[in-house]
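Could you slot chain B onto chain A? The hints should help.
Protein chains in written order, with my numbering: chain A, 1 to 169; chain B, 1 to 231.
Calculated directly from the structure, the hints in this document are not laboratory data.
Please note that the accuracy of each hint is not assured.
[Claimed, not checked] SDA-like, lysine to any residue: derived pairs with alpha carbons at most 25 Å apart: (1) Lys7/B / Gly141/A; (2) Lys113/B / Phe10/A; (3) Lys158/A / Glu107/A; (4) Lys16/B / Pro51/A; (5) Lys19/A / Pro51/A; (6) Lys19/A / Lys127/B; (7) Lys7/B / Gly133/A; (8) Lys16/B / Ala49/A; (9) Lys127/B / Arg77/A; (10) Lys113/B / Ala133/B; (11) Lys16/B / Asn134/A; (12) Lys158/A / Pro30/A; (13) Lys19/A / Ala49/A; (14) Lys7/B / Phe115/A; (15) Lys7/B / Thr61/A; (16) Lys7/B / Thr152/A; (17) Lys113/B / Leu119/A; (18) Lys158/A / Leu109/B.
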Amino acid sequence: MPAGGSQERFVALLEEHRKILFKVAGAYCPNPEDRRDLVQEMTAQLWRAFPRYDERFRFSTWMYRIALNVAISFSRRQSVRARHAAPAGVELLEASADVSAAAPGDEDLRLLDRFLGGLEALDRALLLLYLDGNRYDAIAGVLGISETNVGTKLNRIKERLRRELAGNA
Amino acid sequence: MELDDLKRRWEEQDRKLDRSLRLNARAVEEAVRGRSRAEARRAGLGLFLELVLGFLPVLWLGSFIADHIREPRFWIPAMALDIFAIATFGGLVRRQVVLRAIDWSAPVLEIQKRLAAVRMGGARATKWTLLLAPLLWTPLSIVAFRGLFGVDSYAAFGAAYVAANAAFGLLFLAVAVRVSRRYADRAERSPALQRFMRDLGGRNLARAEDSLASLDRFELEPAAPGSEKAL
Numbered sequence: 001m002p003a004g005g006s007q008e009r010f011v012a013l014l015e016e017h018r019k020i021l022f023k024v025a026g027a028y029c030p031n032p033e034d035r036r037d038l039v040q041e042m043t044a045q046l047w048r049a050f051p052r053y054d055e056r057f058r059f060s061t062w063m064y065r066i067a068l069n070v071a072i073s074f075s076r077r078q079s080v081r082a083r084h085a086a087p088a089g090v091e092l093l094e095a096s097a098d099v100s101a102a103a104p105g106d107e108d109l110r111l112l113d114r115f116l117g118g119l120e121a122l123d124r125a126l127l128l129l130y131l132d133g134n135r136y137d138a139i140a141g142v143l144g145i146s147e148t149n150v151g152t153k154l155n156r157i158k159e160r161l162r163r164e165l166a167g168n169a
Numbered sequence: 001m002e003l004d005d006l007k008r009r010w011e012e013q014d015r016k017l018d019r020s021l022r023l024n025a026r027a028v029e030e031a032v033r034g035r036s037r038a039e040a041r042r043a044g045l046g047l048f049l050e051l052v053l054g055f056l057p058v059l060w061l062g063s064f065i066a067d068h069i070r071e072p073r074f075w076i077p078a079m080a081l082d083i084f085a086i087a088t089f090g091g092l093v094r095r096q097v098v099l100r101a102i103d104w105s106a107p108v109l110e111i112q113k114r115l116a117a118v119r120m121g122g123a124r125a126t127k128w129t130l131l132l133a134p135l136l137w138t139p140l141s142i143v144a145f146r147g148l149f150g151v152d153s154y155a156a157f158g159a160a161y162v163a164a165n166a167a168f169g170l171l172f173l174a175v176a177v178r179v180s181r182r183y184a185d186r187a188e189r190s191p192a193l194q195r196f197m198r199d200l201g202g203r204n205l206a207r208a209e210d211s212l213a214s215l216d217r218f219e220l221e222p223a224a225p226g227s228e229k230a231l
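So here's chain A without its partners, still in its complex pose (with noise of 0.2 Å):
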């Protein structure tokens, strides 16, 4: 457990990266009872794992590695586990209406969702990390491949998009 001293610094780390917890929960949860269970979860572990954080690192890299690990798991074990007692009204994350769902019309967000949806757990982490402005070196830092594989799979992630899309006009 990290001491209280660093308490502080990982609050204003978690406040300066929250975007990732909001869009990891977001690409891995469709209900939003779930998405709140794992936005904390993610946060628990985060906070075991801070005093081994090393600060020559990317803060980001090293939270998108853990958010993106324990949303995978959370999201397999969904299905089966039984629900754990959330302490009742907490919201780590506040959200304004306008950016918690897509806005009316906004076919294009939808579309990007439905399509992450459709996506293995590790190509959503991928496509995730490369809509999020992510460098291939990172993405493949985050993930353990290479970034030559990370190109393929973008390729081909592109490509059946195109394909779904041609589809469905």
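Chain B only, in chain A's frame:
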């Protein structure tokens, strides 16, 4: 529309998030501290109980074997049970060691492969436990009657009863596996029964193996010509 068009739309949404998303720092502190303590307590107690329940049979059977070392008709079935109990306990300890050593900040593929391997080990152990249970019923009844009530099953019920028990175990196993393979999907109303049937029929093990194989494919997929090198 291309992925890059959607990416631009995503970036616009990202800018909105900057303005609209707030972190409730007090909630973070409360949730993280309360949850960490509660989870650590729950996990610690659960593991302690599992280890005790796993190790008690090993101890008891060891003691039973020592007491009946000159009576092969008792120590042989006890030994079969003890080997099973030791293997089960060993598997439990090994899975716990692997799970506790996981560093969640390691690359995603590495962690997911490790978790998939643990799931596969768990599914394999459950499948074999269920498969062996009907076969172990006979030695278990011999040892339990003797150890707990001092009754000699061979003398009290006769060798034919013991042999019939073993034969029934085999028959039950064959029928249970067949039924599980055939009807697991229809047992949706009872998740516990469905999980049991999927474990017994080997479906959960197959799913865990598929999951690991899919992670291997993700890692080893060969590079296609023309893939971009940088953004």
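Structure-based check of all given hints:
At most 25 Å may separate the alpha-carbon atoms for a hinted pair to count; Lys7/B and Gly141/A meet this at roughly 21 Å. Restraint check for Lys113/B and Phe10/A: the C-alpha separation of about 28 Å exceeds 25 Å, so the hint is violated. The hinted pair formed by Lys158/A and Glu107/A meets the criterion: a straight-line CA distance of about 18 Å does not exceed 25 Å. Of the pairs offered as hints, the one joining Lys16/B and Pro51/A is violated, with about 32 Å between alpha carbons and a cut-off of 25 Å exceeded.
For the proposed pair Lys19/A and Pro51/A, the alpha carbon gap of about 22 Å is at most 25 Å, so the pair holds. In summary, the hint linking Lys19/A to Lys127/B is not supported, as the alpha carbons are separated by about 42 Å, beyond the 25 Å threshold. Proposed proximity of Lys7/B and Gly133/A is supported: the alpha carbons are some 9 Å apart, at most 25 Å. Restraint check for Lys16/B and Ala49/A: the C-alpha separation of about 30 Å exceeds 25 Å, so the hint is violated.
With a CA separation close to 19 Å, the supplied pair Lys127/B and Arg77/A stays within the 25 Å bound. Distance hint between Lys113/B and Ala133/B is unfulfilled; the C-alpha atoms sit about 30 Å from each other, more than 25 Å. Restraint check for Lys16/B and Asn134/A: satisfied, since their Cα atoms lie roughly 19 Å apart, inside the 25 Å limit. The straight-line distance between the Cα atoms of Lys158/A and Pro30/A is roughly 23 Å, inside the 25 Å bound, and the hint therefore holds.
Pair hint Lys19/A plus Ala49/A holds up; C-alpha atoms about 19 Å apart against a cutoff of 25 Å. About 13 Å separates the Cα atoms of Lys7/B and Phe115/A, which keeps this hinted pair within 25 Å; it holds. Of the supplied pair hints, the one linking Lys7/B and Thr61/A holds, its CA atoms being roughly 20 Å apart against a limit of 25 Å. Straight-line distance between C-alpha atoms of Lys7/B and Thr152/A comes to about 18 Å, which keeps the hinted pair within the 25 Å bound.
Only pairs whose Cα atoms come within 25 Å are accepted, and Lys113/B paired with Leu119/A is accepted, the gap being roughly 18 Å. Between Lys158/A and Leu109/B the CA atoms are separated by roughly 21 Å; this keeps the pair inside 25 Å, and the hint holds.
The structure fails hints 2, 4, 6, 8, 10 (numbered hints given earlier, in ascending order).
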